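Colleague: The primary structure of each chain is shown beneath.
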Amino acid sequence: MKFSLKAIDDALEQFYGARWRRELAREQREREDLFMLMIYSESLGIPNPVSWHTLELRGVMLEEFHEWHRRQGLEKSPLDNFRCC
Amino acid sequence: MNAIALMLIGLGAFALGYLFYSRFIAAHIYALDDSRPTPAHELADGVDYVATNRFVLWGHHFTSVAGAAPIVGPAIAVIWGWLPAFIWVVVGTIFIAGVHDFGAIWASIRNKARSVGALTGSLVGRRAQSLFMIVIFLLLLMVNAVFAVVIAGLFVSFPESVIPAWSAIVVALILGQLIYRRLIGLTLLSIIGVAVLYLMIWVGQFVPVALPDQAVGLGANAQWIVILFVYAAIASLLPVWVLLQPRDYINGLQLFIGLGLIFAAVLVANPQVVAPAINPNVPPGTPPLIPLLFVTIACGAISGFHGLVSSGTTSKQLDRESDARFVGYFGAVGEGSLALAAIIATTAGFATLGEWEALYTAFGSGGVNAFVEGGATIMQSGYGLPMAVGTTLLAVMAVLFAATTMDTGIRLQRYIIQEWGQIHDLDWLRGKAISTLVAVGACLALAFGAGGLDGTGGLVIWPLFGTTNQLLAALTLLVVTLMVVRLGKPPWFTLVPMIGLLIMTVAALLMQLIQFYGDADWFLLSLDILVLIAAIAVVLEVAGALTRSMRSHTSEDQAQ
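Protein chains in written order, with our numbering: chain A, 527 to 611; chain B, 44 to 603.
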């Protein structure tokens with residue numbers, strides 16, 4: 527019983543997600559772009575009162591940095607202190 | 044005629060079509076091959092391209108394509124008698140809709156899951172692709188306008204449905220939050236959600252809501268239309284997971300329950316079809332059966348809109364090529380059975396022929412109301428569901444279908460407008476708010492222009508919606524045919540339906556042109572001319588593309 531309920535749950539979960547997966551990914555990306563801007567805002571010259579706290583997130587977000595600056599229409603890294611590509 | 048017999052003949056024919064005809068098409072025309080990896084595997088990215096279990100995918104595909112249209116179309120078309128509508132739904136589903144939906148998925152998976160619109164661009168040409176976009180925009184415009192008119196009509200005729208229909212939004216909002224937070228399993232949540240929805244339907248019968256007959260110079264119908272568009276604009280701007288996703292989901296569940304309830308009631312009640320097989324005395328002003336029947340019932344017999352879903356999201360999630368037959372063809376069969384339920388409810392749900400004729404007093408007037416009342420009567424005699432609950436249930440079902448389509452439709456229109464803003468460097472048009480306003484404004488103008496203001500002739504625009512839908516289907520069938528020709532397979536199974544569709548569409552447009560001119564309805568006349576121009580352009584594209592490909596496919600075969 528437990529197993530079959532889990533199976534139904536999974537199927538419904540897929541049914542729930544299937545149609546809007548793309549839309550959701552797009553929206554998530556938009557939010558993450560904004561988040562990225564907040565994290566790197568100090569380096570871009572925008573004062574950010576919580577930059578002390580966002581500093582340690584830079585390393586976490588670094589992997590996505592390249593795709594982010596490309597999405598913002600910047601061929602190269604906009605930051606002076608480190609280069610991307 | 045006995046309704047059970049009608050139901051069994053219809054469903055039996057669908058079953059034969061699925062078992063034999065679709066298998067033949069799969070093996071000999073589309074030449075499905077499970078050893079070819081589908082885009083869901085080849086391009087897997089966890090977002091768009093995800094291999095999905097075929098039953099789940101079918102459920103998703105079916106609920107995306109099924110809506111209010113397969114109910115409204117047949118409900119209007121039985122004015123000519125049940126037989127023509129029945130034959131067209133059965134034959135159309137088996138030989139046209141099934142092949143079309145299945146073919147759109149197939150054409151897409153053989154081309155990296157690109158949409159039919161994009162395929163039109165590469166297989167037929169740039170001009171055809173622009174034409175495709177214009178037809179889609181016209182279609183969305185009409186869908187939104189016509190569904191707003193349908194919902195407003197239902198709210199005015201069945202004021203008990205107002206509270207449950209709007210509370211479905213609240214249910215969806217809460218469901219969305221709960222699913223997002225993953226507090227309990229989805230099965231339990233779904234059961235609770237559906238139960239609350241049906242509880243509200245039961246509550247609804249005690250609290251009918253009617254808008255004032257006249258307010259700010261608008262009748263009750265027009266007030267509802269304005270309210271609906273305000274709602275649709277807001278809904279289309281919200282993040283999808285907040286409202287649209289849970290709303291679609293619960294609607295999908297509701298669709299299966301509703302279909303089950305109607306067919307079960309027919310089985311138990313065994314009503315007689317009171318409407319004539321072929322109506323000898325149609326109300327004055329009813330257009331001729333041929334060609335109007337073929338555009339009045341679009342969804343449920345053949346609908347171009349399905350091609351968009353098939354090649355848009357479904358094809359990216361197909362696990363194996365052979366699943367295309369189940370998902371596409373059987374999806375069309377599901378839609379056909381919804382149309383079948385609508386035909387039975389609108390023709391067998393009345394005690395006498397007089398009662399039936401009292402509803403069908405003019406073309407486009409009986410429609411959904413007949414479906415609601417007829418269906419409720421059958422459910423009452425079937426398992427004693429009180430009439431008031433039955434009518435509310437079916438009215439809410441129709442409202443919810445139409446409303447979710449509107450939400451999505453406005454959203455899609457917004458994307459197209461934003462894209463135009465981008466192409467033509469109009470920055471102001473790219474904002475979310477402005478583009479939504481433009482979309483809603485256009486729909487509102489159409490809804491009012493087509494007779495929604497007085498609340499009487501709102502559905503005169505329905506056949507025009509049907510023609511646009513068929514044009515889109517013809518374009519999709521053209522793409523599929525071209526691919527079949529390239530494979531060196533016989534093109535007749537897609538070519539013949541396409542030519543038939545085009546002939547009926549153009550004939551219907553010309554016929555309506557004369558009618559609108561006679562009625563001095565300049566708004567609809569110009570809309571008709573617009574669609575007619577698009578239709579002629581489609582015919583020219585089709586003729587050109589077919590001649591080109593027939594001439595060159597032998598040489599291409601040798602090259603391959």
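No lab work stands behind these hints, which were simulated from the structure alone.
Check before you lean on any hint, since a few could be wrong.
[Claimed, not checked] From chain B, some residues computed to sit far from chain A (all C-beta separations above 12 Å):
#	residue
1	47
2	78
3	79
4	92
5	134
6	228
7	232
8	242
9	243
10	291
11	357
12	412
13	427
14	590
[What the hints assert, rightly or not] Sample of chain A residues facing chain B (criterion: CB under 7 Å; computed from the structure):
#	residue
15	537
16	545
17	553
18	557
19	610
[Stated by the list, open to error] Sample of chain B residues facing chain A (criterion: CB under 8 Å; computed from the structure):
#	residue
20	99
21	103
22	229
23	282
24	285
25	356
26	360
Note that the coordinates shown come from a computational prediction; the quantities given were computed from them, not determined experimentally.
Just so you know, even glycine gets a beta-carbon here, dropped at the ideal spot from N, CA and C.
Colleague: Verify this label for me: residue 427 of chain B is non-interface relative to chain A, using a Cβ-Cβ cutoff of 12 Å.
Modeller: holds, 30 Å
Colleague: Confirm or reject: residue 242 of chain B is not an interface residue toward chain A, with every Cβ-Cβ distance exceeding 12 Å.
Modeller: holds, 21 Å
Colleague: Take the shortest C-beta to C-beta distance between residue 356 of chain B and chain A; is it under 8 Å?
Modeller: holds, 6 Å
Colleague: Can we keep the residue 99 of chain B interface hint, with Cβ of chain A closer than 8 Å?
Modeller: holds, 5 Å
Colleague: Would you settle whether the hint for residue 282 of chain B is holds or violated, based on the nearest Cβ-Cβ distance to chain A being less than 8 Å?
Modeller: holds, 6 Å
Colleague: When you look at the beta carbon of residue 78 of chain B, is every beta carbon of chain A farther off than 12 Å?
Modeller: Holds, because the least Cβ-Cβ distance between residue 78 of chain B and chain A comes to about 25 Å, which exceeds 12 Å.
Colleague: When you look at the beta carbon of residue 357 of chain B, is every beta carbon of chain A farther off than 12 Å?
Modeller: Violated, because the least Cβ-Cβ distance between residue 357 of chain B and chain A comes to about 9 Å, which does not exceed 12 Å.
Colleague: If I take the minimum Cβ distance from residue 232 of chain B to any residue of chain A, is it greater than 12 Å?
Modeller: Non-interface label on residue 232 of chain B violated, nearest chain A Cβ at 9 Å vs cutoff 12 Å.
Colleague: Looking at residue 291 of chain B again, its CB stays over 12 Å from all of chain A?
Modeller: Not fine: 6 Å to the nearest Cβ puts residue 291 of chain B too close to chain A.
Colleague: Can we confirm that no CB of chain A comes within 12 Å of the CB of residue 134 of chain B?
Modeller: holds, 30 Å
Colleague: Mind checking the CB of residue 545 of chain A against every CB in chain B and telling me if the closest is under 7 Å?
Modeller: Result: holds, 6 Å to nearest chain B Cβ.
Colleague: Hint residue 557 of chain A vs chain B: min CB-CB distance below 7 Å?
Modeller: violated, 9 Å
Taken one by one, the earlier hints fail for this structure at numbers 4, 6, 7, 10, 11, 18, 19 and 24, listed in ascending order.
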